[in-house]
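Whenever a hint applies, use it, and build me the whole structure from the sequences.
Sequences listed follow chains A and B, in order. Here the first sequence is numbered in UniProt numbering, starting from 1 and rising by one per residue. Here the second sequence is numbered in UniProt numbering, starting from 1 and rising by one per residue.
Some hints here could point you the wrong way.
As the list claims (entries may be wrong) - Straight-line distance between alpha carbons at most 30 Å, and here's what the computed DSS-like set of lysine-lysine pairs gives:
#	chain 1	residue 1	chain 2	residue 2
1	B	K158	A	K184
2	B	K57	B	K68
3	A	K208	B	K57
4	A	K74	B	K158
5	A	K14	B	K137
6	B	K137	A	K16
7	B	K137	A	K78
8	A	K92	A	K4
9	B	K78	B	K8
10	B	K208	A	K180
11	B	K208	B	K158
12	A	K78	A	K4
13	B	K137	B	K92
To be clear, the hints were calculated from the coordinates, so they are not data collected in a lab.
Number of protein chains: 2
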Amino acid sequence: MLSKSQIKLITQIKQKKYRQQYGLFVVEGVKGIVELLGSSIEMDTLYTVESFNIDAKNEVVISQSDLKRISALKNPNKALGVFKIPKPREIKKEGLIVALDDVRDPGNLGTIIRLCDWFGIEELICSHETVDCYNPKVVQATMGSIARVNISYVDLPKFLYGVDMPVFGAFMDGENIYNKMVPKNGVLVMGNEANGISSDVEELITEKISIPRFGKLKATESLNVATAAAILLSEFRR
Amino acid sequence: MLSKSQIKLITQIKQKKYRQQYGLFVVEGVKGIVELLGSSIEMDTLYTVESFNIDAKNEVVISQSDLKRISALKNPNKALGVFKIPKPREIKKEGLIVALDDVRDPGNLGTIIRLCDWFGIEELICSHETVDCYNPKVVQATMGSIARVNISYVDLPKFLYGVDMPVFGAFMDGENIYNKMVPKNGVLVMGNEANGISSDVEELITEKISIPRFGKLKATESLNVATAAAILLSEFRR
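What follows is the structure in structure tokens.
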């Protein structure tokens with residue numbers, strides 16, 4: 001059975017301000033929940049149509065119609081978990097770090113978190129204007145990777161000013177990444193979907209790079225930020 | 001003014017069977033329409049709230065509320081274009097070709113078309129079960145690249161059987177792509193989001209490749225098909 005206050009809370013934390021107020025976020029679907037149960041992220045309450053048979057006081061078995069009431073999905077997948085937003089760890093300023101300058105699309109952020117996990121990037125730095133990583137659409141797109149990458153929201157120019165490493169940024173007129181020797185330590189900055197890297201941040205970029213275009217003259221203007229991140233991270237790691 | 005038959009047609013061609021019947025598809029938004037107007041794809045009718053001032057008999061100026069009636073978007077962007085589906089050109093079996101084995105997500109197909117355009121891939125081969133490239137969500141995600149890549153829907157095993165080039169496919173246990181010499185001619189096969197490359201197609205793969213994972217043991221299971229395509233195409237072209 002679902003109480004009114006439970007329904008209200010779950011509805012509220014689909015919004016960023018309530019997620020921050022309560023320190024909670026939602027994960028939908030058995031696969032994503034199981035991934036997080038095995039991680040360092042703590043569960044608050046699990047709402048499910050079938051028991052997970054885990055030793056949890058905070059499992060609530062509900063009907064399919066109750067699940068539909070609290071789910072944001074058209075076809076809710078058996079369970080909805082409420083988890084506690086982890087306290088960000090201190091940022092380790094070493095190795096390869098990815099920084100996002102106002103990435104707004106939840107799918108793009110989710111894909112980039114998954115890429116960081118794949119390529120062993122431990123620190124993901126986001127400007128305050130970047131979409132919240134506990135937004136349900138981001139969480140959905142990360143496929144559990146959100147538990148394995150330390151994500152911090154910071155004043156990005158201030159952060160970049162304080163790092164003692166090369167700062168890479170992708171620009172149309174940057175140096176061909178395929179011809180460049182890249183170091184093991186550094187920050188890779190990816191910009192906003194429409195406007196790229198902001199001028200405040202551009203001033204702090206020490207190495208402008210680009211992915212060369214092989215198509216004909218009238219080719220696509222730019223790559224999507226998540227696909228560009230995939231190609232650049234692959235170049236740094238190969 | 002919009003006639004009932006115009007509204008009906010636009011609504012119908014959001015479905016694949018009617019697109020095939022009438023040979024027409026929809027592009028929403030000024031940017032996408034302008035890209036296609038400058039391409040080899042022929043316009044059928046342009047519905048717009050402000051005239052484009054192009055010498056076109058088939059421009060219909062409509063009200064914002066009429067645009068809302070025919071648009072699939074919450075916030076329609078000033079214009080909706082109906083274009084003619086181009087006849088597929090003959091497939092040139094040379095250079096680097098990308099083949100998709102049942103890619104189902106419109107966003108993924110759109111991103112892959114854009115990547116093909118960026119990396120100068122002229123031929124994109126899709127299995128019959130791959131999502132239709134004239135699906136509105138695919139068109140939206142291609143950002144005009146759809147006019148610059150020749151997209152053909154074929155019996156994929158039959159096509160691969162008939163090509164006289166190496167056929168590459170991404171598998172978890174394939175050879176590390178970073179250590180492999182790749183030829184200029186070849187087919188790169190990308191599989192379905194959930195199931196990867198089907199067994200029928202796997203039999204025709206001559207070179208199994210993989211993108212190594214750099215994360216810790218319990219890392220993400222796989223990369224999204226569009227990000228994997230980005231990394232592999234970059235490796236073939238670099």
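So which of the earlier hints does this model not fit? When the structure is compared with the hints, numbers 1, 3, 4 and 8 turn out to be violated.
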